[in-house]
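S.K.: Single-letter residue listing:
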Amino acid sequence: MDPTKTARRPRILGKACGLFAAILVSLAATTPASAVDVQRVISPGGIEAWLVEDHSLPIIALSLAFSGGASVDPVGKAGLGEFVSSVIDEGAGDINSLRFQQILQDRSITMHFDAFLDTFTGRVKTLTRNKDETFDLLRLALTEPRFDQEPVERIRGQILVGLSRRANTPNDMVSAAFWQHAYPDHPYGRPRRGTAESISAITQSDLRSYAETWFAQDKLFLGVVGDISADELGPLIDRTFGDLPAKSPPIDISVEEPATNGEVIIVEHPVPQSVAIFAQQGMEREHPDFYTAYLLNHILGGGSFTSRLYNEVREERGLAYSVSTSLTPLQHSALWIGRVGTANTDVAESVELIRKEWADLRANGVTEEELESTRTNVTGAYALSLDSTTNIARTLVGLQVADLPIDYIDQRNAYFAAVTLEDMQRVAAELLDPDSLTIVIVGQPEGIEATR
Amino acid sequence: MKWLANFRAKPLIAVPLMAVTWALPLTAEAQLFDADYFTLPNGLEIVVIENHRAPIVSHMIWYKVGAADEPIGKSGIAHYFEHLMFMGTEKYAAGEFSDIVARNGGRENAFTSQDYTGYFQNIAADRLELVMELEADRMRGLTLTPEVIEPERLVIIEERRQRIESTPSGLLGEQMSAAAYTNHPYRLPIIGWAHEILNLGLDDLQTFYDKWYAPNNAVLIVAGDVDAQEVHRLATQYYGPVRSRDIPERERPIEPPHHAGSEIVMRDARVTQPSWNRRYLAPSYTSGASEHAYALQVLAQILGGGSTSRLYRNLVVQQGLMTNAGARYSAGPMDLSGFSTFFQPAGDLSIEDVLPAFRAEIDLLLEKGVALSEVTRAKQRMIDSAIYSQDSLQAAARIFGTTLASGRTVQDVQNWPEMINAVTPRQVNEAARAIFVENNATTGILLPSVAEEN
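Going down the list, the protein sequences come from chains A and B. For the first sequence, the positions run 1 to 452 when the numbering used here is used. For the second sequence, the positions run 453 to 906 when the numbering used here is used.
Simulated from the structure, these hints should not be mistaken for laboratory data. Beta carbons: idealized from backbone N, C-alpha and C, even for Gly. It cannot be assumed that every hint is accurate.
Ranges between beta-carbon positions, derived for each pair [unchecked claim]: (1) B:E870 <-> A:E368: 55 to 61 Å; (2) B:D488 <-> A:P235: 38 to 44 Å; (3) B:R811 <-> A:N96: 53 to 59 Å; (4) A:R452 <-> B:R811: 50 to 56 Å.
Here are some, though not all, of the chain B residues that point toward chain A, as calculated from beta-carbon distances under 8 Å [stated by the list, open to error]: (5) Q614; (6) T619; (7) D656; (8) K663; (9) S825; (10) D836; (11) I839; (12) D843.
The task is simple: from the sequences and hints, build the whole structure.
M.R.: If you want it as structure tokens, here you go:
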């Protein structure tokens with residue numbers, strides 16, 4: 001028994017009144033997420049979408065992803081995917097930029113695209129009465145984007161302004177420095193939004209080429225939620241995505257471990273508060289121990305008001321306003337990554353505490369009670385993230401990208417229920433590696449030296 | 453899939469009231485968004501918004517006290533106090549509230565604005581009773597000690613550094629609010645001035661709690677998979693026994709007429725692109741020439757709401773002078789609000805280069821007014837947004853919460869689409885002429901430091 005564990009949180013135990021005891025007992029019996037009924041829709045043309053019908057409001061939400069994202073930006077053209085995502089709703093087919101935007105606004109249609117590390121994503125939200133027009137506009141944006149000079153130059157200007165602002169914003173600076181350090185020879189190490197140089201070098205034909213190459217049926221994942229039936233959706237999918245090429249080139253990116261090797265990197269910046277990223281190797285999504293690692297992360301820094309780091313760094317000592325960690329599996333790598341904002345004078349102490357908690361979890365694992373309360377939290381809270389059509393549609397796509405089964409929402413609790421205390425101690429000992437924890441700091445930290 | 457996903461970690465939020473164009477209320481077809489409203493004998497107002505799409509509930513309590521109600525020289529108390537509400541009662545130790553909510557699969561948070569302070573838990577619908585018991589307990593049962601308030605003070609200082617002091621725009625925003633109001637407390641930052649946060653004592657905090665936290669100064673909003681009758685029963689059981697108290701009037705210093713506008717220029721080495729922001733004092737639903745409150749919302753849409761607004765279309769797309777331009781307005785504040793206009797020059801252009809074109813747009817608006825087609829389009833979009841706002845429990849609950857905590861009614865929420873629909877071009881033009889008064893303007897300009905510029 002580790003004495004620090006009971007000392008850490010003496011306050012939770014034994015004080016709850018009868019009401020809570022009763023509720024905790026009943027919790028395992030509830031399956032709140034089962035209210036979501038996911039249908040697999042295969043269009044006549046053979047394109048798959050996952051659908052949740054909900055006719056309670058006249059709203060339809062669609063979420064889509066193409067594999068690739070920023071990771072397939074060509075060398076020297078970093079930020080191309082992001083650039084495309086900002087300009088494909090600026091004119092398509094015969095419709096110029098102003099008119100395209102005017103139709104979206106007049107019909108109250110939301111259409112938004114992003115390029116993340118591994119995926120190019122889109123989300124669309126519309127009222128049932130404008131369904132056909134919405135899907136037509138989406139088809140045009142994906143298959144016939146115009147990339148006219150005016151919107152391209154306007155968006156280029158906006159991206160450049162955004163980049164220069166980010167180059168002076170501590171949170172963005174620390175991300176940039178971390179990714180560059182962790183993946184020196186890998187697409188993940190290149191700036192996802194590009195640089196002033198790469199953005200300036202991107203041409204209209206680069207934009208066109210990205211869209212023509214990567215928007216293809218074999219890279220597409222679709223989730224639809226709301227006021228539409230499976231019968232209606234099938235033909236609509238063909239009309240919208242049937243013109244995309246069936247095949248696209250393979251994504252040729254190596255699997256890479258992050259270069260997290262215990263270095264401390266400091267980027268000097270004149271701010272009263274330093275922000276730091278701390279990270280080590282994570283765990284891939286398909287790994288059989290992923291659910292165990294997920295619970296470990298929740299205990300360490302993932303549970304917002306209850307994690308060990310939150311209690312130690314914020315509640316006990318008031319060193320930070322925010323401190324958290326996240327298990328981040330990527331398509332070609334995996335990270336366990338955390339973030340803290342702390343006064344320049346307190347950086348050394350905060351980093352010391354974080355390393356100590358990391359080592360303690362590795363050496364001593366968790367208590368049965370921590371495991372149980374975390375398990376009830378992550379299973380019970382899942383339904384809360386499925387509260388709007390947009391969120392459910394995004395979840396449906398995320399599940400497909402991660403290659404999870406269509407009944408995942410119903411099965412998820414069972415995956416977490418199978419995790420044992422022994423699993424927790426074993427994975428904590430195997431995976432947590434305080435010596436490899438790489439720390440990147442932006443600010444004017446005191447009492448801590450850079451290792452390079 | 454998302455890049456650096458899940459760094460939520462914004463535990464306690466201070467809502468910068470003026471910066472938020474509060475998402476638009478409610479429905480075109482009111483029957484879609486029925487709410488039950490009742491009051492307990494101890495004065496607690498309750499709104500229930502039934503929504504049975506998922507077996508979850510959002511439970512929120514809003515206190516009718518915000519940063520603008522703080523004593524002079526004690527800025528930051530309302531927000532500090534929001535943090536302390538998690539620090540334990542006679543019944544539950546510090547942190548236990550959060551532990552219990554977490555163990556039951558809940559998510560919670562809190563927020564402070566100039567006009568209200570709110571606390572919420574989102575949780576499985578069958579846990580409503582649990583969070584109600586906890587929330588009712590801390591309404592009057594809080595135990596404040598030096599041991600809990602001191603570490604939290606440091607947390608708040610870090611929060612202030614993170615939100616305000618780490619970016620030039622955060623610092624300029626604070627200076628602009630201080631200049632926009634001569635006498636009204638909206639001039640003070642919600643989070644407080646650092647030196648005043650450092651000097652708030654246990655007595656100040658206890659006095660604040662005793663003065664404002666009571667059932668007859670609160671609104672309970674319950675949205676989700678619940679039955680209004682059952683909510684009434686539970687609320688009677690848990691909140692019912694909390695005794696009402698004498699609550700003072702929210703008397704705030706009144707803003708005098710302005711006889712000159714002001715301009716604040718901030719240079720900072722971290723700034724790479726100049727930006728310009730002008731805020732005019734403007735009426736709200738409950739203050740100033742409130743007859744313009746609905747028309748001003750339509751005006752903000754036409755002038756500066758998104759990619760087809762006048763400012764963006766003409767100055768950014770057609771003339772290519774700016775990378776961004778727009779306008780913002782909220783009718784929600786209890787006292788005088790602000791109508792903001794802003795832009796950022798494109799490329800190497802300076803503010804002086806593009807300001808005349810910006811002025812010309814405002815002059816054109818005041819001279820020729822808006823077209824019927826513009827008004828019709830803006831209104832349609834706004835009324836449609838009321839349908840979208842029903843898509844999430846939180847959005848619905850927040851609309852009712854902000855409205856009732858600011859002293860307005862359920863009917864005001866439900867009538868919103870109708871009121872917007874009734875706005876005419878003539879009313880929009882009158883509203884525009886009423887607010888664009890140079891003496892009421894505060895201009896904020898953010899520039900690179902002189903060396904950077906050269």
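S.K.: Is 38 to 44 Å respected by the C-beta to C-beta distance linking D488 of chain B and P235 of chain A?
M.R.: At roughly 42 Å between Cβ atoms, P235 of chain A and D488 of chain B fall inside 38 to 44 Å, so the hint holds.
S.K.: Next item in the hint list is I839 of chain B. Is there a CB on chain A closer than 8 Å to its CB?
M.R.: Nearest chain A Cβ about 7 Å off; hint holds.
S.K.: Should the interface hint for D836 of chain B be scored as holding, given a Cβ-Cβ cut-off of 8 Å against chain A?
M.R.: The hint holds - D836 of chain B has a Cβ within 8 Å of chain A, the shortest such distance being about 4 Å.
S.K.: Holds or violated: the hint that Q614 of chain B contacts chain A, with Cβ atoms closer than 8 Å.
M.R.: holds, 5 Å
S.K.: Let's test the interface hint: is any C-beta of chain A closer than 8 Å to that of D843 of chain B?
M.R.: This interface hint holds because 5 Å falls under the 8 Å limit.
S.K.: Hold the hint about S825 of chain B up to the distance rule: shortest CB distance to chain A must be less than 8 Å.
M.R.: violated, 10 Å
S.K.: Does T619 of chain B hold up as a contact with chain A if the rule is Cβ-Cβ below 8 Å?
M.R.: holds, 6 Å
S.K.: In this structure, is the beta-carbon distance linking E870 of chain B and E368 of chain A contained in 55 to 61 Å?
M.R.: holds, 57 Å
S.K.: Could one say that the CB atoms of R811 of chain B and N96 of chain A fall in the range 53 to 59 Å?
M.R.: violated, 28 Å
S.K.: Let me know if the C-beta of D656 of chain B comes in closer than 8 Å to any C-beta of chain A, holds or violated.
M.R.: violated, 18 Å
S.K.: Taking the beta carbons of R452 of chain A and R811 of chain B, is their distance inside 50 to 56 Å?
M.R.: holds, 52 Å
S.K.: Under 8 Å is the threshold here; is the Cβ of K663 of chain B close enough to any Cβ of chain A for the hint to stand?
M.R.: Since the shortest Cβ distance to chain A is 26 Å, the answer is violated.
Checked against the numbered hints given earlier, the structure breaks hints 3, 7, 8, 9 and satisfies all the rest.
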